[in-house]
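J.: The chain contents come next:
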Amino acid sequence: MLIECHDLNYQYPSSSTQVFQGLSCRISGPGFHALFGPSGVGKTTLAKMIAGLVKGFSGEINVKTKAGILYTYNLERLPGWSVVGEHLKEISPPDKTKYLQNLTESFGIEECLKTRFSRLSLGQQNRTNLTRYLLQDFDLLIMDESLANVDETTRETIILKIKSMFSQKAFLYISHNVVEVAKFCKEILVLRDVRKSPQITAIKGQDHTGEQPPDRRALEQTMLEIVHAS
Amino acid sequence: MLHRRIYQFLIVYATGICILFLIKFALNLSDYVIPSPKEVWITAGQVFIRYLVNVMDTLAVAVIGHILSIFMATLVGIIGRLTSGVGSLIKIAAFNIQAYPIVAVAPIIFILLGDGLASRLLIASMICYFPLLLSVLGVLTEPVSDIEHFYRMTGRLTWQLEVKIRVFENITKLTTVVSGSATLAMVGTIVAEFIAADAGIGYTIRIALYQSDLAKILVALFLIGIWTSLYLVCLEWIGHLIQKKWQR
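Residue numbers (my numbering), protein chains in the order written: chain C, 515 to 744; chain Z, 61 to 308.
Only chain C is shown next, with the shape it has when bound in the complex (with noise of 0.2 Å):
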């Protein structure tokens, strides 16, 4: 799985604010890579972009993968004409059902399969959502603040189970969380205000599998490159 943006300039419509100003960046191979950034700076953008979701840009995105790449964020909801569980069989491809009874019993949401998705807290709602996404076939999942609204400790569950289970994939985390995204993504892409210059830098993350426990002192240091980048 490769993703090269080149050079890309964006402004939205009807709008004299230009998001980006030629911004390039690399995403490559599986594993959990993350956007980071103070809010406004065109991280859901880029997202869309990257997903075919933005249109009228120009510069060049070339996406290399086989299965394609999925775009979910945090306010998506489930139809309200059936319970959540059938909900999940009905859009499980047939190879995928055998991981439904995991995933929903690692996101802790079992309990939920028998209710209405809008009878459900937002975390379970948001839980729900990601585990239909990983349902699905994809080389690159973007996780638009998917994991909003969850405590930290079932995040953190989540996270490690997501890396476990699907160590062939790509997952563009995107997150306001600066410990989150230095402990468990392998990069992180910190995306700045169009004024700044480079506009997007990439920085190495701890990448935490929850096999060990993370080096405090590395951590510390990713993070404070995180913040000095943003």
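The set of hints was computed from the structure by calculation and includes no laboratory data.
A virtual CB, placed ideally from N, CA and C, is assigned to each residue, including glycine.
Certain hints may be false.
Using 25 Å as the maximum straight-line C-alpha spacing, the simulated BS3-like pairs for lysine-lysine come out as follows [to be verified]: (1) Lys628(C) - Lys224(Z); (2) Lys628(C) - Lys305(Z); (3) Lys718(C) - Lys697(C); (4) Lys233(Z) - Lys305(Z); (5) Lys612(C) - Lys675(C); (6) Lys603(C) - Lys151(Z); (7) Lys603(C) - Lys305(Z); (8) Lys683(C) - Lys718(C); (9) Lys151(Z) - Lys98(Z); (10) Lys580(C) - Lys700(C); (11) Lys304(Z) - Lys628(C); (12) Lys710(C) - Lys683(C); (13) Lys151(Z) - Lys233(Z); (14) Lys304(Z) - Lys603(C); (15) Lys580(C) - Lys562(C); (16) Lys562(C) - Lys700(C); (17) Lys562(C) - Lys683(C); (18) Lys610(C) - Lys628(C).
Going by beta-carbon spacing under 8 Å, a handful of chain C positions derived as facing chain Z [unchecked claim]: (19) Glu590; (20) Gln650; (21) Phe680.
Here are the computed distance ranges between Cβ atoms for each label pair [what the hints assert, rightly or not]: (22) Lys628(C) - Val163(Z): 45 to 55 Å; (23) Arg212(Z) - Ser681(C): 23 to 33 Å; (24) Thr629(C) - Cys294(Z): 24 to 34 Å.
Following the hints, complete the assembly by docking chain Z onto the known chain C.
T.: Leaving out everything else, chain Z in the frame of chain C:
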């Protein structure tokens, strides 16, 4: 126990009748202008069954016209939700035609189709069709992005699923619009009967009007109100059942 709709109608009707009699007694108007309560009561006894049959006739035409317009609005709404040229054309046409008072076209329909059932049905359908179409178009062309996104991303979003999502998300709005347009269907039928029909309660009122018989008109209005309210109650009940079944 009476339904809220029936209560509301009875209150409005009783208030109207009281005001009418107050005017009669305050201005000392003759029974020829405004009949006495006793005369209205006697007239009701004489014409009730015949008028009831006429109201049922009108209601039947209104219900069929209403169903036709719901069917047509859904069909055109589904086509109109397309972003293609056809969809845009339907939307623009619906908005413009809706702005025109359709009832003004009624004489042309009577000239072309005569004063039979077809004309009444067509006018009833046309009067409630355009407001219905605009609402259906509004619902079906408005994406429910937070639900549709997943299906769009995974290539599962068929037009049937898109329509299902949008209808489900707006079911309360749609059932309200359908109930609201039922009154329009009834109005359309009665207006058609006023103009040139040979049956129905509108036609009966027209004859009573020629005779300047306000007592008969008051009885007819009572029956129209009661049966329209009952039709609305039925529609609301069906809407409630659909919502309950889908959202249980």
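J.: Please verify whether Lys151(Z) and Lys233(Z) have alpha carbons no more than 25 Å apart.
T.: 19 Å, holds
J.: Hey, does the Glu590(C) contact hint survive, CB to chain Z under 8 Å?
T.: Where the cut-off is 8 Å and the nearest Cβ of chain Z is about 5 Å from Glu590(C), the hint holds.
J.: Sort out whether Lys151(Z) lies within 25 Å of Lys603(C), counting only the CA atoms.
T.: Since the Cα atoms of Lys603(C) and Lys151(Z) sit roughly 38 Å apart, the hinted pair is violated (cutoff 25 Å).
J.: Look at the Cβ atoms of Lys628(C) and Val163(Z) and judge whether their distance stays inside 45 to 55 Å.
T.: Once the Cβ atoms are compared, 53 Å apart, the range 45 to 55 Å for Val163(Z) and Lys628(C) holds.
J.: Is the shortest C-beta separation between Gln650(C) and chain Z less than 8 Å?
T.: 5 Å, holds
J.: Quickly compare the C-alpha distance for Lys603(C) and Lys305(Z) to 25 Å and report which way the hint goes.
T.: 21 Å, holds
J.: For a C-alpha distance cap of 25 Å, please report whether Lys628(C) and Lys224(Z) respect it.
T.: 22 Å, holds
J.: Check whether the Cα positions of Lys304(Z) and Lys628(C) lie no farther apart than 25 Å.
T.: Cα-Cα ~18 Å, so holds.
J.: Straight-line Cα separation of Lys718(C) and Lys697(C) no greater than 25 Å?
T.: Holds, at about 10 Å.
J.: Lys683(C) and Lys718(C) were given as a pair; does the straight-line alpha-carbon distance stay at or below 25 Å?
T.: 18 Å, holds
J.: Going straight from one Cα to the other, do Lys562(C) and Lys683(C) come out at no more than 25 Å?
T.: Measuring from Cα to Cα gives roughly 19 Å; hence the hint holds.
J.: Is 24 to 34 Å right for how far apart the beta carbons of Thr629(C) and Cys294(Z) are?
T.: The hinted range 24 to 34 Å holds for Thr629(C) and Cys294(Z), with Cβ atoms some 33 Å apart.
Of the hints listed earlier, those the structure fails to meet are numbers 6, 9, 12, 21, in rising order.
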